[in-house]
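K.L.:
Order-wise, the sequence lines are chains A and B.
End of the first sequence = 464 in this note's numbering, gap-free, step of one.
End of the second sequence = 472 in this note's numbering, gap-free, step of one.
Misleading hints may appear alongside valid ones.
[Unchecked claim] Simulated restraints on C-beta separations:
#1 B:R201 / A:G107: 46 to 56 Å
#2 B:V27 / A:V450: 54 to 64 Å
#3 A:R186 / B:A464: 50 to 60 Å
#4 A:W447 / B:D109: 48 to 58 Å
#5 A:E420 / B:I25: 54 to 64 Å
#6 A:R124 / B:D112: 25 to 35 Å
#7 A:G107 / B:G90: 16 to 26 Å
#8 A:G87 / B:G226: 44 to 54 Å
#9 A:R124 / B:G270: 58 to 68 Å
#10 B:G432 / A:V194: 46 to 56 Å
[Unchecked claim] List time: in silico DSSO-like cross-link candidates among lysine-lysine, alpha-carbon distance up to 30 Å:
#11 B:K23 / A:K126
#12 A:K409 / B:K144
#13 A:K28 / B:K229
#14 A:K270 / A:K436
#15 B:K229 / A:K325
Treat the hints as calculated values from the structure; they're not laboratory data.
Virtual Cβ for every residue (Gly too), placed ideally from N, Cα, C.
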Amino acid sequence: MSFVPFDVLDERRKSISKGAPPACEKASLAGAVSQRACVFCGARVVLNPIADAFHLIHGPIGCASYTWDIRGSMSAGSELYRQSFCTDLREKDVIFGGLNKLRAALAEIAQIYRPKVIFIYATCVVGVIGDDVLAAAREAEAAFAIRVIVVQAPGFAGHKSLGYRLAGEALMELVRPAKTSPKVRAINILGDYNLAGETWIVKNYFQEIGLPVLASFTGDSQVDDLLKAPLARLNVVQCAGSMTYLAQKMEEEWGIPWIKASFFGVADTAKALRETVDLVGSKEERAKAEALIARESSQAQKNISPYLPGLAGKKAAIYVGGGFKAISLIRQFKALGLTTVLVGAQTGRPEEYEVIASLVDRDAVVLDDANPSELEAFMREKGADVLVGGVKERPLAYKLGVAFCDHNHERKVPLAGFVGAANFAKEIDLTINSPVWAHVKTAANLDFAGKFVG
Amino acid sequence: MLDQTPKEIVVREGLCVNPLKTCQPVGALYAALGVSRCLPHSHGSQGCVSYHRTLLTRHFKEPAMASSSSFTEGASVFGGGANLKQSVKNIFDVYDPDVIAVHTTCLSETIGDDLNSFIQELDLPDGKIVVHCNTPSYVGSHVTGFGQMVAGFIRYLAQKDAPKIDKIGLFPGFVNPGDIRELKRLLALMNVTAIILPDPSFALDGPMTGTYKMFPPGGTPIADIVALGGVKKVLALGLLASKEPALTIKSRCGVETELLPLPMGVAGTDAFLLKLKELSSQPVPPELELERGRLIDLLLDSHQYFYQKKVAIFGDPDTVVGLVAMALEMGLTPKYVATGTPGEAFVVEAKALFAAHHEPLDGVRIKAGADLFELHQWIKNEPVDLLIGTSYGKQIAKAEDVPMVRAGFPILDRYGHAYHPLIGYPGTRRLAELALGALMDRYDRDCADEDLDVVM
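The following block holds chain A by itself, in its conformation from the complex:
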């Protein structure tokens, strides 16, 4: 792999490839500046959008502070989930055990808020000192007549993907007591977190087609909605990285089949709607779906076309959490006239990298668990004009003179569905064609006395 143009660790070389799937599903190297997060983070981001549940973090303060209302998920109902609840363990709690504090916190929650469900997230230290969190949860359930679900999520137990799985287990525990028949003519959406209201867009499509959404895991969800999930005919899984486990379990226990679906881009959205109605829709619903697709895709094309001349021939780099989203983005860029020159994911799966490799040009770089210096070197080498990524990548891109679009928690406009496809074109245009870049370019030619230090 001699093409790697700079100093990387030998162990990393296998995770970087050109036009081919890289090695993946490996632990990050100690000492790497990785963009990845931990088990707790994975569990928390999946569960937190359950709006009327109580998300209590049992551990020292940091994990609660850092995950307070950062998800960007919207709720039409309760705003409870946008607050931060924590046992704020102190030194004496770590020495003598944190259980008393946890018990007190559970009692106080019951007294002040009377919630239906409490999720307790046990973080690193609790995993080490061995608080019997389950016992405290059972006590609280008996004493206050509420559901208390424990998520044992010490950060060191693996990476974010394990957290997704733990969240899936917690969701199964939540929903299992609910009734599982009779089935109704409806579907569930899995792995849409209602960032910038995206779940609402998708829900409206299905509503119009005549296949209402029973439960959405977990964007804009309330506990009572989730409890209806076992009655659905089909699970439509959007973020496969976080929700495949839950979909498999729901199939196993309640016989609900599932499909992977992407609502990013006109083509993928149309495909997702068609696949859904093909599986569970009637003839009439298929007709409605076709009508919706025809109307909305033509409207989207109309809204996208003004941006096309400004985007033609530009080069895109993608660095996202899961591989499935990257696949949609490559297609979307192609539709907009951009070439994808770099694709990376924090935690992609082998089969996803296979698809990615089949979609990009032979010399496009594909990386798993990339770190900033790799992103930098390859964006430079490939001459990327725009990077799609998350919060930590944004300033890096700007420093390199590369435009940026947040396709993660900080997106402020919906990028899903037909309307989102048009928004995406606009977002890419506004950053690639910003007038600010002109000043960056002229800076080099100015006859100023002092050059930048360094």
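Since chain A is already given, all that's left is putting chain B on it; use the hints.
P.N.:
Using the frame of chain A, we list chain B on its own:
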């Protein structure tokens, strides 16, 4: 938003709601970014450093690089020594910093990792340095962690019998790059040469050049930290953030050290300049006198709008104390003063400011170790006219329909704030303008049409 917050206050012994602090490691990471060619390293799980980098990036809108020991189940059972060893090798091989600044986490502290011996056993490349500090997340807050990291650099690097130099040492405390730049300006105007530790300007307010450097220029050079032991005197700013570094330089190198509040507000800035005057042979230059005069002029022009306006001030202890001083000088009434960082010294300091301004403490609540839920409950019981504090206060501002001025750390929902100092005369000038603007915008929004006046 925050509909569930009840007015009735109950004593809570287990539950923290909407914290007003975060954990030590992020402060340590921030401090380490202020040392030249230093890579901060988090000795713990991978999530920690991801969160810290995200928080700093959201506050400064700049890249914040740091590495992690990436603990696994095995490391948490057998100790993280092997992870640290591997990390240090990988970091010097690939990223090539001059120094790695390790901070611990709740995990590595709880399993009892002994960083002193881990580091002694490292086989380091020539000229490369590894330092560390202990920052368990269950002690203090991010502000304490900042101080611990600065103290860590001193413990490892400051030479005990360093040659005497004609410089002072300046510990700026947990402040923004804009504050550091203001400190540098004041030092230059007062003709005082200083070693500033740490100096996160440039690393976190870097200019757009079209090129990216993993280790931006700027930051305190290692040689300067070594030389700190020989300075005439150390001024340590921020009674909490700089306490540990001040004690460390004093006990290690015997340097005369003075711990001072952040130079915020008119009197705070006056005192700081007089301190610099003692250290310089020169008087305070007219430029600063005129600047002070213009500030007082502004405060006089606008004082009627501040009179009897009640304000809630919240954030980090050193910053909040400075903001309280400013508010009292402007004629605002600080009704609630809160920090999440534990420590009663904060309460004592804040109360002393009230006494100095002959302001009664009746109905005033001052609390360390508070959370924003409690502050919200206070406000529900007795409202205020203005909030001054960090971004998370915006939920209260919206729920109670109170105008808000952002100041402190973290500010995640505004741009450009970190360029502006809160210290010095410009800091008070800016806060006065922001507070006035917020109060006046609110008046204009709420007043009857006949009361809307273009002249205020």
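K.L.:
Each hint should be assessed against the structure and marked as holding or not.
P.N.:
Cross-check of the supplied hints:
1. Between B:R201 and A:G107, the C-beta spacing of about 51 Å keeps the proposed range 46 to 56 Å intact.
2. Separated by about 56 Å at the C-beta atoms, B:V27 and A:V450 satisfy the suggested range of 54 to 64 Å.
3. Between A:R186 and B:A464 the beta carbon distance is about 59 Å. The supplied range of 50 to 60 Å therefore holds.
4. Hint check: A:W447 to B:D109, Cβ distance near 35 Å, so the stated range 48 to 58 Å is violated.
5. Under the hint 54 to 64 Å, the C-beta atoms of A:E420 and B:I25, about 35 Å apart, miss the expected range.
6. Under the hint 25 to 35 Å, the C-beta atoms of A:R124 and B:D112, about 56 Å apart, miss the expected range.
7. Taking the beta carbon of each, A:G107 and B:G90 are about 24 Å apart, inside 16 to 26 Å as hinted.
8. The supplied range of 44 to 54 Å is met by A:G87 and B:G226, whose beta-carbon atoms lie about 47 Å from each other.
9. A hinted range of 58 to 68 Å holds for the C-beta pair A:R124 and B:G270, which are about 60 Å apart.
10. Distance hint for B:G432 and A:V194: a CB-CB separation of about 52 Å, consistent with the stated range 46 to 56 Å.
11. Proposed proximity of B:K23 and A:K126 is supported: the alpha carbons are some 21 Å apart, at most 30 Å.
12. For the hint pairing A:K409 with B:K144, the CA-to-CA distance comes to about 27 Å; that is within 30 Å, so the pair holds.
13. Under the criterion of a C-alpha separation no larger than 30 Å, the hint pairing A:K28 with B:K229 is consistent with the structure, at around 25 Å.
14. Only pairs whose Cα atoms come within 30 Å are accepted, and A:K270 paired with A:K436 is accepted, the gap being roughly 27 Å.
15. At most 30 Å may separate the alpha-carbon atoms for a hinted pair to count; B:K229 and A:K325 meet this at roughly 23 Å.
When the structure is compared with the earlier hints, violations turn up for hints 4, 5 and 6 and for no others.
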